[in-house]
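This is what each chain is made of:
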Amino acid sequence: MRGLSFDIAHLLAGSLVLVSFIQLYQDRLYALLNIFALHALVLAASVAWQAYVQDAPHLYLTALIALVFKAIVIPTALHRIIVRLGIHREIETVVGVGPTMLFGMGLVALSTVVMLRVTAEADPLAREDLAFALSVVLLGLLMMITRRNAVSQVVGFMSLENGLVLAATGAKGMPLVVEISVAFSVLIAFIVIGIFLFRIRERFDTVDVQALDRFRGERP
Amino acid sequence: MIDALTGVLAIPALAAVLLAAVGGYRLTARLNVLAALLTFLTAVSLFVVEPKSGPYLLVDDLNKIFVVLTTFVGFTTSVFSASYIGHEIEIGRLTPAFVRFYHAMYQALMFAMNLALVANNIGLMWVAIEMATLTTVLMVGIYRTHEALEAAWKYFILGSVGIALALFGTILVYMAARPVIGEGLEAMVWTVLVTRTAQFDPALLNVAFVFLLLGYGTKVGLAPLHAWLPDAHAEGPTPISAVLSGLLLNVALYALLRFKMLLALNPAAIAPGPLLVIMGLISCLFAAFMLYRRRDIKRMFAYSSIEHMGIIVFAFGMGGTLANFAGLLHMTMHSLTKSAIFFAVGHIAQVKGTQKIADLGGLTVTNPVLGWGLVLGVVAIAGLPPLGIFMSEFLVVSSTFAREPWLATILVLGILVALGGLFLRLNAIAFGTPRGPTAPAEAAYVPMFAHLAIVFLAGIYLPPALVAGFQDVARLLG
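Here the protein sequences line up with chains R and B, keeping their order.
Position one of the first sequence corresponds to residue 1 (our numbering), numbered consecutively onward.
Position one of the second sequence corresponds to residue 1 (our numbering), numbered consecutively onward.
Chain R with its partners taken away, still in its complex shape (with noise of 0.2 Å):
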C-alpha cells in the first residue's frame, strides 16, 4: 500500500510538471487558459491524494479551493476578460518555443538536482513532491518572463502558486493557516489584476506589456 500510494503521488505531481510544459507552448489565450484550468485540476488531485494518504482532513478543503477557484472561476473570469477585451488572437512569445523548452527542461534538471542533494535525509515522498513543486515554480517563472502579454503573465504566476501549494502540501503537517493564506493571497491577487486589467484597458486599449513599457518615466 505504501508504494501504491507513493506510486500515485508521484504520478499525479509529475503530472502537474508536465502541464506545465504544456502551458509553455500554447500561442493562443483561450488553449492557455484551458491547459491552466487543468493544471488546477491536477493540483487538485494530487492535494486530494495527499489529504488521503496524510490523513490529513483539512488538506482537502485546499484541494477544493484548488479546484473551485483555480479551475473554474478564475479560468472563466478570465475568458470573459478577454472576450470583452477582443484580444482572443495569437500570443507573442519572446523567445522560440523551441529555447523555452529547452530551457524548461533545464531548469527541471537543476530543481531535481537540488532539492534531491539537499533532502537527502527527509522522507522519500516529501523529497520528490518538493522537487517537482520546485519545476513548477521555475517553469511558472520561466513563463512569466517569456511572456508580453499580461493575462499570460497572470497565467504564469497562477501556476507559480500552484507549485507553492503543492510544496505547502508536500511538507507533512505544515499548519492550515498557511495553505488558506495561499489561497487567499490568489484570489486578492486576482481581484487585483483584474482591476488592473480593466484600467490598463481603459487607458492603452491594449494589454501588451510591452506597450506599458513605452510610457516608462525616464524618458527627458
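Because the hints were derived from the structure by calculation, they are not lab data.
Output of the computed footprint for chain B on chain R, the stretches with three or more beta carbons under 8 Å from beta carbons of chain B:
1) 108 to 118
2) 137 to 144
3) 153 to 160
4) 167 to 173
We treat Cβ as the ideally placed atom computed from N, Cα and C, and that holds for glycine.
Keeping the supplied structure of chain R fixed, place chain B upon it in accordance with the hints.
Below, chain B without anything else, positioned relative to chain R:
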C-alpha cells in the same frame, strides 16, 4: 485581553474599516492622523509594559524598535499626507472616492506592516508582508496615468515573484524544523525555532535561506532585484513613496534579519553574512552610479534608498555588535531622513507642477522654507557631519576597516560617488536660476523639520538609554 500588542494591530485594522465607510476628505484625513497617533502611542507603551508573547504574536527587543519606528514615521507621514492630499483634491488629480480608498489602504498598510513585525509565526509574517505588498500596489497605481499603471504592474509582478520565492523558503524552513520539533504549528513559531535550530538539517536550511534572501531581498530593493523600486516610488502619491522608502523596505529587512539569526544558530549551515555583504555592496555601488543619470527627482531619491539599504544590509552582513549597532542606527536615521526628503519633494512637485529635475531650479529663492529643507535633507542623506547619517555611516565604515579594509574601501567609494551625484543634482534644484511657478506652498512643514531635527540631534548626542537599547539588540543579532 487587550494589551498594547493587540492595540498596534487593532487600531489600524479598525481605522481601515472605519475610513472605508466614512466619506468627506477633511474628516477622513483627521481620522487617519488620529489613528496613526494612537497606534504610535500604543507602540511606545510597549517599552513600559511588555505584553506576553503567544504562539502567533511576539514582542522582543528587536521588533520593539522596528514597531516604534514604523508607527512614528506612519504618524508623521499621515500629517504630511493630510496636506498633500488636500492639494491633490484641489487640483482635481484625485477624486473624493479615491481619497476614501487611499485612507483605508493607508491604515491597512500600517496594519500589515505592524503584523509582519510582531508575528511570531513565519507563515503569518509571510502573509502580512504579502498583504503590505498588495496594499501598496493599489496605492502606487492610484493616479491611473500610463506611468503609474506601468509602475504598479511592474511592482506587482516583481513583488509577487519575490513573495512567492519567500514562501518557498518558508516552506523549506518548516521542512527542516519538522523532524526536530514535530508536526504542526510549533514548527513555524520563532521562539520555538530559535531554541532548536542547531539540530536542523543544514543543507535544507541553506537552500531555504537562498530562497528567502532572493524573495525578501526583492522587497528590500537589493540590486539586481530592485527594478520595481524606482518606478513605484516615482509614480505613486508622495506620502506612499515616503512610507515605502522609510518603512516597507525596513519590514522586509526585518524578515531577512530574523532568518539570518536563525541560520547563525546552526553551526553547520552556511554563514549568511557574506551573502548579505555581497548583495549590500552591489546595491550600494550600483545605485550610487545610477544617481548620476536621473531626470526625475523622486526617482533619484528612490535610487538613494537602494544605496542606503545596501549599506544597511552590508552592516548587518558584517555582523558583530558594533556593525549591527551601526546598521540599526543607520536604518533609523535613513527612515527619518528619507521620509523628510520625500515630504519636501512632495510639496515641491505640487508647487512646481512637475517632478522633472530639468524644470526645477532656484528653490531656495522661490520657496525658501521648502528649498532649505530639501538642502538640509540632502546634506543629511549624503552623510555630511554633524548629522545622524554621518555618525552611522562612520560607524559602519570604521568597524569594517578594522576587519576587512578592502570591503570598507569599496563601501566608501560607493558613499562618495553617491554624495557627488546627489550634490550635482541638488545644486541645480536648490540654487541656480529660478524656474517654474513661484506660488508660495501650502505645506505641512512640521513633519519634515521634526524628522530633520531628530536626525540632527542624533548626530550630536545619542541618549544613553537609546544606545543601551540598540546595543542589546545588536548583541541579539549576533
